[in-house]
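Undergrad: Between the sequences and the hints, there should be enough to build the whole structure, so can you do that?
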Amino acid sequence: MQDLLARAIQAHGGVEHWRTLSRFRARSHVHGAIWAVKGKQGAFGELVMTGGTRTQRVTIAPYPQPGLCITWEPQRQTIQQDNGALVAEQSRPRARFDFHTRQTPWDDFHAGYFTAEVLWNYLTCPFHLLREDIHTEEAEPWYEGRATWPALRVTYPETFATPSKQQTMYFDESGLLRRTDFGFELLGPSPAVHYASLHRRFDGIVIPTRHRVYVRNPNGTRARKSTSLAIDIEDAYLT
Numbered sequence: 157m158q159d160l161l162a163r164a165i166q167a168h169g170g171v172e173h174w175r176t177l178s179r180f181r182a183r184s185h186v187h188g189a190i191w192a193v194k195g196k197q198g199a200f201g202e203l204v205m206t207g208g209t210r211t212q213r214v215t216i217a218p219y220p221q222p223g224l225c226i227t228w229e230p231q232r233q234t235i236q237q238d239n240g241a242l243v244a245e246q247s248r249p250r251a252r253f254d255f256h257t258r259q260t261p262w263d264d265f266h267a268g269y270f271t272a273e274v275l276w277n278y279l280t281c282p283f284h285l286l287r288e289d290i291h292t293e294e295a296e297p298w299y300e301g302r303a304t305w306p307a308l309r310v311t312y313p314e315t316f317a318t319p320s321k322q323q324t325m326y327f328d329e330s331g332l333l334r335r336t337d338f339g340f341e342l343l344g345p346s347p348a349v350h351y352a353s354l355h356r357r358f359d360g361i362v363i364p365t366r367h368r369v370y371v372r373n374p375n376g377t378r379a380r381k382s383t384s385l386a387i388d389i390e391d392a393y394l395t
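If you want my numbering, it's the position in the sequence shown, counting the first as 1, plus 156.
Everything labelled a hint here was simulated from the structure, so no lab data went into it. Since we're looking at a predicted model, the values are computed, not measured. Accuracy of the hints is not assured; some may be wrong.
Unchecked claim - In silico BS3-like cross-links for lysine-lysine, where the CA-CA straight-line distance does not exceed 27 angstroms:
(1) K194 - K321
(2) K381 - K194
(3) K196 - K381
(4) K196 - K321
TA: Shown next as structure tokens:
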């Protein structure tokens, strides 16, 4: 394990404690400019997400309307009533994003997949970087104001659901995740930068509770015109 990854893991709660946890429940508020572009303005708002810390499977409720929820896995999605009755299902959901551009409208399954994938990755980072099939290497740092943030270049396997198979993550001097450079593959792809802040400790694990995603300029700076995606984690429980 690289020194930077080891420091990041420890800063976020430590691998020993993480391995004792298998489930999470998080209450979040999801908004941002992307939803109007995709014809899904107001689709989420406040939601509750439950899932596994190591298995890519989560349920989001209420969605797409009160009394319903969506369960996401990389190879299958279902929409169910609160009592578990199946309403609709979809296989190979990621393939339905093929040839999409930023302006392509989304249906309920598109928006559900996008949100679940992003949230699962945000809630389990940096711990999921310990997987044997994920490659990390230290890279050139980023200079944010007067701060220097060392970097990890991350390469994900095709079998892992994540917003981008190539990402560069930046950590502050204490090892906390602060920034990620990536390209939203589900949007085209388009160059983006994700800022993580307001870190809080939940059941021994440190999670950034404020996430803001912007269009990334060629020089690496963020385009300040609007916030593409905003996620605020109100609370979280891990067991």
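Undergrad: Against this structure, judge whether each hint is valid.
TA: To see whether the hints hold, each was checked on the structure:
Simply put, K194 and K321 have alpha-carbon atoms about 23 angstroms apart, close enough for the 27 angstroms limit, and the pair holds. Of the pairs offered as hints, the one joining K381 and K194 holds, with about 18 angstroms between alpha carbons and a cut-off of 27 angstroms not exceeded. At roughly 20 angstroms between alpha-carbon atoms, K196 and K381 fall within 27 angstroms of each other, so this suggested pair holds. Taken as a hint, the K196 and K321 pair is honoured in the structure, with Cα atoms around 25 angstroms apart against an allowance of 27 angstroms.
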